[in-house]
Every structure is written in structure tokens, then in C-alpha cells.
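S.K.: Here is what each chain is made of, one letter per residue.
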Amino acid sequence: MKIIAIDRQGKEHTLEGRDGWSVMEILRDGGLDIAAECGGACACATCHVYVNDGWFEKLPPRSESEIDMLDMALAVEPNSRLSCQIICSEETDGIKVTVAPE
Amino acid sequence: MTAAAPIETDVAIIGAGPIGLFAVFELGLLDLKCHLVDILDRPGGQCTELYPEKPIYDIPGLPIVTGQELTNRLLEQVKPFDPQFHFGEMATALEKLADGRWKLTTDAGTTLIAPVVVIAAGAGSFVPKRPPVPGIETFENAGDGVGVHYAVRKMETFRGKNILIAGGGDSALDWTINLAPLAKSLTLVHHRDGFRAAQHSVNQMRELEAAGKVKFHVASVKALHGEPGKLSGVTLAGPDKSEWHHETDVFLPFFGLTIKLGPIAEFGINLHENLIPVDTARFESQTPGIFAIGDINTYTGKLKLILSGFHEAALMAQAAFHIARPNEKLRFQYTTSSSNLQKKLGVS
Numbered sequence: 001m002k003i004i005a006i007d008r009q010g011k012e013h014t015l016e017g018r019d020g021w022s023v024m025e026i027l028r029d030g031g032l033d034i035a036a037e038c039g040g041a042c043a044c045a046t047c048h049v050y051v052n053d054g055w056f057e058k059l060p061p062r063s064e065s066e067i068d069m070l071d072m073a074l075a076v077e078p079n080s081r082l083s084c085q086i087i088c089s090e091e092t093d094g095i096k097v098t099v100a101p102e
Numbered sequence: 103m104t105a106a107a108p109i110e111t112d113v114a115i116i117g118a119g120p121i122g123l124f125a126v127f128e129l130g131l132l133d134l135k136c137h138l139v140d141i142l143d144r145p146g147g148q149c150t151e152l153y154p155e156k157p158i159y160d161i162p163g164l165p166i167v168t169g170q171e172l173t174n175r176l177l178e179q180v181k182p183f184d185p186q187f188h189f190g191e192m193a194t195a196l197e198k199l200a201d202g203r204w205k206l207t208t209d210a211g212t213t214l215i216a217p218v219v220v221i222a223a224g225a226g227s228f229v230p231k232r233p234p235v236p237g238i239e240t241f242e243n244a245g246d247g248v249g250v251h252y253a254v255r256k257m258e259t260f261r262g263k264n265i266l267i268a269g270g271g272d273s274a275l276d277w278t279i280n281l282a283p284l285a286k287s288l289t290l291v292h293h294r295d296g297f298r299a300a301q302h303s304v305n306q307m308r309e310l311e312a313a314g315k316v317k318f319h320v321a322s323v324k325a326l327h328g329e330p331g332k333l334s335g336v337t338l339a340g341p342d343k344s345e346w347h348h349e350t351d352v353f354l355p356f357f358g359l360t361i362k363l364g365p366i367a368e369f370g371i372n373l374h375e376n377l378i379p380v381d382t383a384r385f386e387s388q389t390p391g392i393f394a395i396g397d398i399n400t401y402t403g404k405l406k407l408i409l410s411g412f413h414e415a416a417l418m419a420q421a422a423f424h425i426a427r428p429n430e431k432l433r434f435q436y437t438t439s440s441s442n443l444q445k446k447l448g449v450s
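Taken in sequence, the protein lines are chains A and B.
Heads up: the first sequence begins at 1 in this note's numbering, then just goes up one per residue.
Heads up: the second sequence begins at 103 in this note's numbering, then just goes up one per residue.
Don't read these hints as lab results, they were simulated from the structure.
Treat the hints with care, as some may be off.
What the hints assert, rightly or not - The following label-pair restraints were derived from C-beta to C-beta distances:
hint : chain 1 : residue 1 : chain 2 : residue 2 : range
1    : B       : K315      : A       : P78       : 24 to 34 angstroms
2    : B       : H319      : A       : N52       : 41 to 51 angstroms
3    : B       : K198      : A       : K11       : 36 to 46 angstroms
4    : B       : K198      : A       : D93       : 47 to 57 angstroms
5    : B       : G403      : A       : P61       : 36 to 46 angstroms
6    : A       : E57       : B       : A210      : 48 to 58 angstroms
Said to hold, decoys possible - Some but not every residue of chain A turned toward chain B, in silico, with C-beta under 7 angstroms:
hint : residue
7    : A36
8    : E37
9    : A41
10   : D53
11   : F56
All figures in this text were calculated on a predicted structure; none of them were measured in a lab.
Note that beta-carbon positions come from the ideal geometry of N, C-alpha and C, so glycine has one too.
Let's have the full structure, built from the sequences with the hints guiding it.
M.R.: Take a look at the structure:
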């Protein structure tokens, strides 16, 4: 399963997703510049991404705690997600995300 | 600012998170006194700033503990050693003195002189998140009550001003409520019509809005206008991408804190990708006398776990002893059997 990730410089990366891993973990291990300060606890909003090309609607909806935590993210858009809360699966194969500005 | 008299101590620790706190314990057993500097206003570092209520399950011997509880327990554990804390201060400069000791200074004018410096700074300093609006830095530090501020130090400086606040957390709502009575006008913007902040604060804000004392828009700040240092207005954008001009004297973004390495990068210590390489026998940086423990260090096999930091603190203390007490013999003892250690801990 693939994850297409666009970094802050606009460069596109194709990463190999792993079933059950979070998108944050794949971005982090793939060397993208993503702080993910709290390590995936939905407690810091520093793994903020935009979910592109219709993928936002295909994902399970955001939880209350993710919606709350996005209040502490910068430059939130309607397709904003915390990537630690998106779990890779067959259903997310090919998902496209853009790392949000710091 | 008048600099206070320098404080001499055995060890200056940068960072009062769990690892900095446990270092006090290990150093204390060896009779080394510590001063700790932390930019936050309380101990615990990421544990209390990011996840005070979240349970941690991998602390040996504590099957479940929250970040706040772990911090409280560590504070209790180090209490016999009477650590001195300098909270709300950023360590800004480190220089070597002619006598071989280190001089660490903070942005509040504190000066610590010690033979050993321990950097237990995690990923660096917690600093306010800066919205990605072009040129925002040119409106920072413009003076009291004008331009962009990430904190309110004196409310009075905002009296009679047109104030714009952005954010949806407790700080955004609290300052909306507190500044509304003395502002000329107060506008709150947030990306959604809902708030993470405490419900009673949200209710209060809604009352102020209903009374016409606060304006609220679902919007975000896209651009800042004015001469450098003199903010005159902003461009706001709504969810439908419509944009409009909003005049304001002050812009207060409240999006919480993020971690930046900060001045440690300027200390002259060898860094590798913003981490401090150390050896795994002493956890000393490549600059003798400066140690690095916890998330800030790197070595082959490093794991960013609290328990690893505890181990690193214990080994660091042994090495630090020989620097701080070059003429003394280190006596290795166990807390279970040493009446000497138990006396230090106040238990016998």
C-alpha cells in the first residue's frame, strides 16, 4: 500500500504504508520533516497534514479529540487531519497528503 | 535588566523534565548539588506540557502512570536533595571560564557557574507556535500593546486598543474574556464555530458576543498589513475563501507551544541533526564537562524512552562526579544497604 506525501518544499514522495501503522509513523520514518512531538498521542497537533484529491471523504471521520486538538494547529483547512490519527489499511492505499506549514 | 549575582553550584541542568529531575537524584546521591533551568513555568517538560493526563505504561515498576503523576513522584524523590529551579527562563548562552568551569546564562539574567553542565532539554525549548503568515516576525517585539504578541504580560498595555485574537483553546478564550472589558474593540477568529477551550469559557465568550462586546468570526488570518513594527490591519479569510480587511492594532495568536532546539544550537557543542552525540559510558558530549541525557542525545541504538533517560542519568552522574570532585574517591553504594545514602534521603 502506498502513501503519496508532499513535503513543505512541494516535493512528492511515494512511501510504503504498513497495515495498522499511522500515516504519521510512515511520514516520520520516511524522513519527512514532521515534528510529531507527542509521538502519536493526539496531544500536540504537530503532525498536521492536508488530505488531498478526495481522500479526506474516504477516511473514517475525525474523532472529537482530533477535532479539538486541531484547534492548536496552524493554517487549518477543511481537509486538515492529524496524521497520527489516520491508520494505514488496504482502504487507504494510494492516499495523498501534504505536510502542513510549521 | 540588572544581572543577579552569579550562582555557584556543582551541576547546572538545562531542562526540568523527567530526565532532568531524575538526574538530580543520581547526582544527589553523590552529594552534587543542582540548579535546573526550564523555559516552562513548572516541572515535567513534555510530560506535563503535552500529556499531563495521558497514561504512560512503560515506566519500570509503574504499570500505569500519567505524565503529571510521574512528575509529582520524581519531585518527591528528589526533594531530599533540595534542587533549585529557575522556571520560565531560557538558557541562552554557555561559555567556558578560565578556571575550567562553565558559565550558563538565561534570558532572565540568571548566571550559573558549575564544573558540570547537563543538557536534558528533550527536543529543545517550548516556544509559542507562530502562524505561517508572511512577514509576521516583522511585527513581533514592536513594543507594549502593539503588533504581534504570543503572551499577555501586562493587560494594561492593551487598554483602548483594537485587538484581534486567533485560536480556539483555553488561552484564546481566556484572553478574549479578560481583555474585552478594556479593549477598544476585540475580535476573535477561529477556523471553526467550536472550541477546544473549557465550556464555561466558551459560554462567557458567547455572552460577550451577544452583548456586542466581542466579535467572533469563523476565519483565519492570511496576511498582515502595516509598516514593519506598526501593525495596521490583517486580511481575514472565511471558510468559503472570501477575504476581507480587518483593522487592528494588535494580533494575539494563541495556538499553544511547539518545540524548537533554540539557543542550544549556539553553545558550540557538536550536533548531529539537532541531537547531541554522546558516548554510552559517560553520556558526555564531545565537549568535556557537558553531558547530554534523554531525548536530546544520540548514540548507536538510542531509543527515545523515559526509561533510557533514567539509565543515562545514572551513568552520567558517575562521570560528572569525577569532574566536580577531582580529588575524591567515588564510593559506589546501594540505597537498600547504605546507611549513608539513606541519611541523605532522609529515611534513616
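S.K.: So does H319/B sit 41 to 51 angstroms from N52/A, Cβ to Cβ?
M.R.: violated (27 angstroms)
S.K.: Given A41/A was flagged as interface, is its beta-carbon under 7 angstroms from a beta-carbon of chain B?
M.R.: holds (5 angstroms)
S.K.: 48 to 58 angstroms was suggested as the range; check whether the CB atoms of E57/A and A210/B agree with it.
M.R.: holds (50 angstroms)
S.K.: Taking 36 to 46 angstroms as the hint, is the beta-carbon distance of G403/B and P61/A inside that range?
M.R.: holds (40 angstroms)
S.K.: Quick one, is the F56/A hint okay against chain B at 7 angstroms, beta carbons?
M.R.: violated (15 angstroms)
S.K.: A36/A was flagged as interface toward chain B. Is the shortest Cβ-Cβ separation under 7 angstroms?
M.R.: violated (10 angstroms)
S.K.: Is it true that the C-beta distance of K315/B to P78/A lies inside 24 to 34 angstroms, as the hint says?
M.R.: Given about 30 angstroms between the Cβ atoms, the range holds.
S.K.: Falls inside 36 to 46 angstroms, the C-beta gap from K198/B to K11/A?
M.R.: holds (42 angstroms)
S.K.: Is 47 to 57 angstroms right for how far apart the beta carbons of K198/B and D93/A are?
M.R.: holds (56 angstroms)
S.K.: Hint E37/A vs chain B: min CB-CB distance below 7 angstroms?
M.R.: Given a least distance of 6 angstroms, the restraint on E37/A holds.
S.K.: A closest beta-carbon separation below 7 angstroms is what the hint needs, so does D53/A meet it against chain B?
M.R.: violated (18 angstroms)
Of the hints listed earlier, those the structure fails to meet are numbers 2, 7, 10, 11, in rising order.
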